[in-house]
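So the chains spell out like this:
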Amino acid sequence: MNNKNKNKILSIEGLSTHFFTDDGVARAVQDVSFSIKKGKTFALVGESGCGKSVTALSIMGLIPAPQGKIVSGKVVFNDCDLLGFTEKQMRKIRGNKIAMIFQEPMTSLNPVYTVGNQIAEAIKLHQKKNAYQAWKEAIKMLQRVGISQPEQRVNEYPHQLSGGMCQRVMIAMAVSCKPTLLIADEPTTALDVTIQAQILDLLDELQQENQMSILLITHDLGVVAERADDVAVMYASRIVEIASSQELFENPLHPYTQGLLKSLPQLGLGRKMKRLSTIQGNVPDPLHFPTGCKFHPRCSIGCNDKRCREIEPELIEVEAGRFAACWYAPGYEKAEVK
Amino acid sequence: MSEQQIISKTLPLPKGRSLWQDGLRRLGRRRFAMACFVVIVLYFLLAGFIYLAELFDWQVAPIRWSQEVGSQYESPSGENLFGTDIFGQSVLRKTLYGTKTSMTVAMFASFISIAIGVPLGAIAGYFRGFIDEVIVWLYSTLSSIPYILLILAFAVVLRDKTFFGYKLAGITTVYLAIGLTSWVGICRLIRGEVIKHKNREYILAAKSYGCSAKRIIFKHLLPNVFHLIIIDFSLRFVGFIHAEVILSFLGLGETTRPSWGAMINDARIELARGVWWQMATATFAIFFISLALNIFGDALRDSLDPKLRTQ
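For the record, the sequence lines run as chains A and B.
If you read the first sequence in our numbering, its first letter stands for residue 282, the second for the next number, and so on.
If you read the second sequence in our numbering, its first letter stands for residue 2, the second for the next number, and so on.
These are calculated hints, taken from the structure and not from any lab test.
Note that this is a predicted model, so its numbers are computed, not measured.
Be aware that one or more of the hints could be misleading.
[Said to hold, decoys possible] Cross-link-like lysine-lysine pairs, in silico, DSS-like; alpha carbons within 25 Å at most:
| hint | chain 1 | residue 1 | chain 2 | residue 2 |
| --- | --- | --- | --- | --- |
| 1 | A | Lys369 | A | Lys410 |
| 2 | B | Lys199 | A | Lys350 |
| 3 | A | Lys378 | A | Lys409 |
| 4 | A | Lys409 | B | Lys215 |
| 5 | A | Lys405 | B | Lys199 |
| 6 | A | Lys350 | B | Lys197 |
| 7 | B | Lys220 | A | Lys405 |
| 8 | A | Lys355 | A | Lys318 |
| 9 | A | Lys378 | A | Lys350 |
Generate the whole structure from the sequences, applying the supplied hints.
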């Protein structure tokens with residue numbers, strides 16, 4: 282166990298985050314468990330509103346209070362449970378040990394400060410550096426993330442930069458303190474495809490350099506296949522499957538993952554090209570989740586099964602390193618009996 | 002020479018311009034607004050000059066307002082441009098001196114109301130919950146009392162009181178009374194704006210790299226709503242000048258030295274005798290600064306908050 286923990290940078294155990302709204306309790310994240318290995322990229326995939334970002338914010342301790350609340354679970358980072366940390370302790374972690382980049386680079390930078398000011402602020406918050414050293418460091422970071430003419434760009438305001446450049450600035454801010462974990466919340470969703478590849482390449486390089494782990498939150502399976510070491514698929518607030526990315530694409534166990542992979546357009550089929558298959562139905566509303574397995578109304582196997590309708594399957598390790606939450610996943614029942 | 006160096010040699014980037022600089026450039030292009038700005042600056046310079054003259058005892062004309070320059074109620078002439086009052090004092094000198102009174106009161110009242118309203122509004126908007134409720138309750142209660150009555154009550158209570166060995170007299174009472182009662186508007190404005198901004202992604206990003214609540218409020222939120230403070234200041238300034246005039250008119254303001262309100266108050270008796278010049282001069286002095294501040298304030302809002310125009 283101890284050995285196992287050694288190469289894990291972050292492990293989440295049974296995390297549940299709920300939002301207490303006027304219309305009822307929205308269970309945004311329920312009983313989520315996974316762990317991220319040192320220096321590896323862990324992807325969290327799922328459609329909009331399934332709880333990916335809330336999971337990330339729960340790790341950072343940035344769930345909007347007072348509506349949002351982490352009701353149970355553990356977030357173990359470097360052998361410490363972050364949920365037990367005070368706000369002051371968390372501030373030392375944020376940006377320093379765990380950094381985050383966001384979906385909308387244009388709006389993630391404060392419009393009244395120059396990019397240099399913002400990077401320098403992040404540096405000054407966590408490192409003992411004076412304004413001049415922090416400024417020099419900011420220029421160095423800009424250079425590192427591939428922005429040309431950094432000495433001049435450092436004086437520019439966010440509205441003068443393109444989306445891709447803003448994201449580079451965000452990355453520069455995030456990695457300026459050499460964090461051990463970088464949470465990238467859909468870092469390329471707002472960018473066009475060529476810039477996407479550049480940004481992901483940049484993240485790869487920085488990961489190599491700093492031995493940094495990345496939690497990559499995305500809904501782009503193409504990105505996952507290329508960049509991730511391990512993948513967790515999330516559906517309606519729960520993780521339905523965890524596997525290494527190679528295994529997941531070769532042999533998906535959960536019907537939802539299977540559906541997702543089938544609905545990817547495939548190139549090179551020529552005449553055999555058919556209509557894209559889709560997953561029928563809609564994502565359930567987090568205020569009114571279906572009973573039993575949350576995927577059963579849309580599942581071709583589960584929709585007629587009483588067990589799927591009534592009992593929610595837990596996430597269980599069905600093979601070494603492979604987790605699934607489906608009654609029909611091969612090896613599921615055997616593992617459950619154990 | 003590497004490619005990088007060649008690029009930076011051939012294409013110098015234009016220097017970065019902040020949203021502020023952009024706004025001020027837009028403002029600079031508005032001729033009429035700039036003319037109004039000049040008028041405002043002249044008023045301020047005059048007030049400042051009189052203040053200095055009083056401080057260093059320079060015997061310039063407005064300082065010698067109490068001097069008798071002619072007989073009682075002399076009508077405007079070449080010698081006494083705006084005539085004289087009941088004591089034969091020059092109306093022109095009194096009006097000029099009144100500028101200092103009004104500007105001082107409006108200035109200090111603005112600072113007091115901003116110093117109270119802005120932090121309270123920002124704190125209420127940022128933290129919400131219980132703190133917000135307390136602050137909202139406080140300003141709702143305060144604003145439910147008729148404004149003039151409230152100022153009067155404050156002015157009467159503060160009058161001739163001693164605080165920390167400093168006797169509150171004359172205009173000190175006036176600006177304290179106005180400042181302490183008029184922070185509600187700016188507080189509401191800032192609270193609303195902070196609520197709007199605090200859910201923006203850049204605030205989340207600031208939190209994600211470890212900023213404290215204090216830092217987020219004062220370093221990230223306030224600079225983003227600061228233009229509103231300036232706009233509000235320019236528009237509210239007029240209100241404060243008027244408030245001073247009203248208080249002086251009611252006899253609660255400056256009583257020993259000239260002020261525009263006191264001059265209008267004097268004119269009540271004079272008008273029956275057909276002496277209109279004291280009233281007219283003071284009124285025009287108020288009129289010009291009000292007009293200039295209003296036009297300039299509007300232009301300032303259009304320039305610094307360009308989104309507002311299209312809405």
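Now for the hints, and whether the structure bears them out:
For the hint linking Lys369 (chain A) to Lys410 (chain A), the alpha-carbon distance of about 20 Å falls within 25 Å, and the restraint holds. The hinted pair formed by Lys199 (chain B) and Lys350 (chain A) meets the criterion: a straight-line CA distance of about 19 Å does not exceed 25 Å. Proposed proximity of Lys378 (chain A) and Lys409 (chain A) is supported: the alpha carbons are some 15 Å apart, at most 25 Å. For the proposed pair Lys409 (chain A) and Lys215 (chain B), the alpha carbon gap of about 20 Å is at most 25 Å, so the pair holds.
Pair hint Lys405 (chain A) plus Lys199 (chain B) holds up; C-alpha atoms about 23 Å apart against a cutoff of 25 Å. Taking the CA atoms of Lys350 (chain A) and Lys197 (chain B), the gap is about 22 Å. The hint holds against a cut of 25 Å. Annotation: proposed proximity of Lys220 (chain B) to Lys405 (chain A) holds, straight-line Cα distance about 14 Å (limit 25 Å). Straight-line distance between C-alpha atoms of Lys355 (chain A) and Lys318 (chain A) comes to about 17 Å, which keeps the hinted pair within the 25 Å bound.
Simply put, Lys378 (chain A) and Lys350 (chain A) have alpha-carbon atoms about 23 Å apart, close enough for the 25 Å limit, and the pair holds.
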